[in-house]
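Each step along the sequence shown adds one to the number in my numbering, with nothing skipped, and position 161 is 1159.
Hints are computed from structural coordinates only; laboratory data are not their basis. Small disclaimer: the values here were computed from a predicted structure and weren't measured. C-beta: ideal position from N, C-alpha, C; glycine also. A couple of the hints might just be wrong.
Under the rule of at most 25 Å between Cα atoms (straight-line distance), these lysine-lysine pairs were calculated in the DSS-like manner [claimed, not checked]:
id: 1; residue 1: 1142; residue 2: 1167
id: 2; residue 1: 1195; residue 2: 1118
id: 3; residue 1: 1251; residue 2: 1022
id: 4; residue 1: 1142; residue 2: 1156
id: 5; residue 1: 1122; residue 2: 1251
id: 6; residue 1: 1072; residue 2: 1171
id: 7; residue 1: 1118; residue 2: 1094
Simulated restraints on C-beta separations [claimed, not checked]:
id: 8; residue 1: 1022; residue 2: 1160; range: 50 to 58 Å
id: 9; residue 1: 1004; residue 2: 1164; range: 40 to 48 Å
id: 10; residue 1: 1024; residue 2: 1072; range: 32 to 40 Å
id: 11; residue 1: 1157; residue 2: 1188; range: 12 to 20 Å
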Amino acid sequence: MNKVREVEKFIGDKRLYLTHYEAKGEKYVIFLPPLFEEMPRTRKCMVNTARYLADKGFDVIRFDYYGTGLSYGKFEEFYLEQAREDVAQVVDFCVKLGAQNISLLGFRFGAFLAAEFAVKANIKKIILWEPVCDLGQYLDECFKSLAIDQVVTYGKVKYTNEELIKELKSEGKLLVGGYALGLKAYDDLCHSLPLGKSELSSCRIVVWRRSTLNRYSFLSELDVTFCDTVKLAWDHIKYLYHESQELGEVTCKYLGGGI
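All chains, full assembly: derive it from the sequences and hints.
Put into structure tokens, the structure is as follows:
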């Protein structure tokens, strides 16, 4: 693998942080990251994959949504519509650099956002890694993790979901995996419609473990098929760190092979 030139910068009024892995300046791939504790857990995997794709001839953009990661703002200021605007701003950034071919790669929550862009004329291909297809269900999973955290800390569930939601509405935020979920983001996640056939039918879906396929069984009713299933456990960082080249190979294949 050749040395890839990586340029870090902030863009726009919201001061979004991004890293540009420079290649030939023709085909661009924008990475849309996960949220909460999944974001730092998967960052190294996304860095490795970005470098792999850049070595194959794709310019890659990794960025953090406003209020997350290295972008400006507090996590409690994050909300869904702002995240959509962030994606649109990064797409526009690539267009201004001269990109003629732009693809999106979304991971978990980022896959939900990427799928929403499936109908955009200036997006060439969309690849979804282990996608979150229903944000309401995703929020439920977050609250289940809070219950597990309480059992680990206190030996029991000390605060019910109802009590936690009451705190959220009273204080305007609630810590989820160490990240402050704001009330607006909570409302967004609660009331968002699940992804449907119109968004998913043109996406390439890559899932990690065959044991998770039941989670996506509803897609068969939409005539949506999986592109690939890799053997990695996306939520186990040591596998992502050491074996992420497999993801790079699968992803590169569906992007068109690069050089």
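Mind checking the hinted window 12 to 20 Å against the Cβ distance between residue 1157 and residue 1188?
holds (19 Å)
Between the alpha carbons of residue 1195 and residue 1118, is the straight-line distance 25 Å or under?
holds (15 Å)
Indicate whether the distance between the beta carbons of residue 1024 and residue 1072 respects the range 32 to 40 Å.
At 37 Å between Cβs, range holds.
Would the hint linking residue 1122 and residue 1251 be met if the CA-CA limit is 25 Å?
At roughly 14 Å apart (the allowed maximum being 25 Å), residue 1251 and residue 1122 satisfy the hint.
Is the Cα-Cα distance between residue 1251 and residue 1022 25 Å or less?
The given pair, whose Cα atoms are some 18 Å apart, holds under the 25 Å limit.
Given the hint that residue 1142 pairs with residue 1167, test it: the Cα-Cα distance must not exceed 25 Å.
With Cα atoms ~19 Å apart, residue 1142 and residue 1167 stay inside 25 Å; holds.
For the pair supplied as a hint, residue 1142 and residue 1156, is the alpha-carbon distance within the 25 Å limit?
Holds, because 13 Å separates the two Cα atoms, which is no more than 25 Å.
Does the alpha-carbon distance linking residue 1072 and residue 1171 stay inside the 25 Å limit?
holds (11 Å)
Taking the Cβ atom of residue 1022 and the Cβ atom of residue 1160, is their distance within the range 50 to 58 Å?
holds (54 Å)
Holds or violated: are the alpha carbons of residue 1118 and residue 1094 at most 25 Å from each other?
holds (17 Å)
Okay, residue 1004 versus residue 1164 on CB: inside 40 to 48 Å?
holds (45 Å)
Hint compliance for this structure: no hint is broken.
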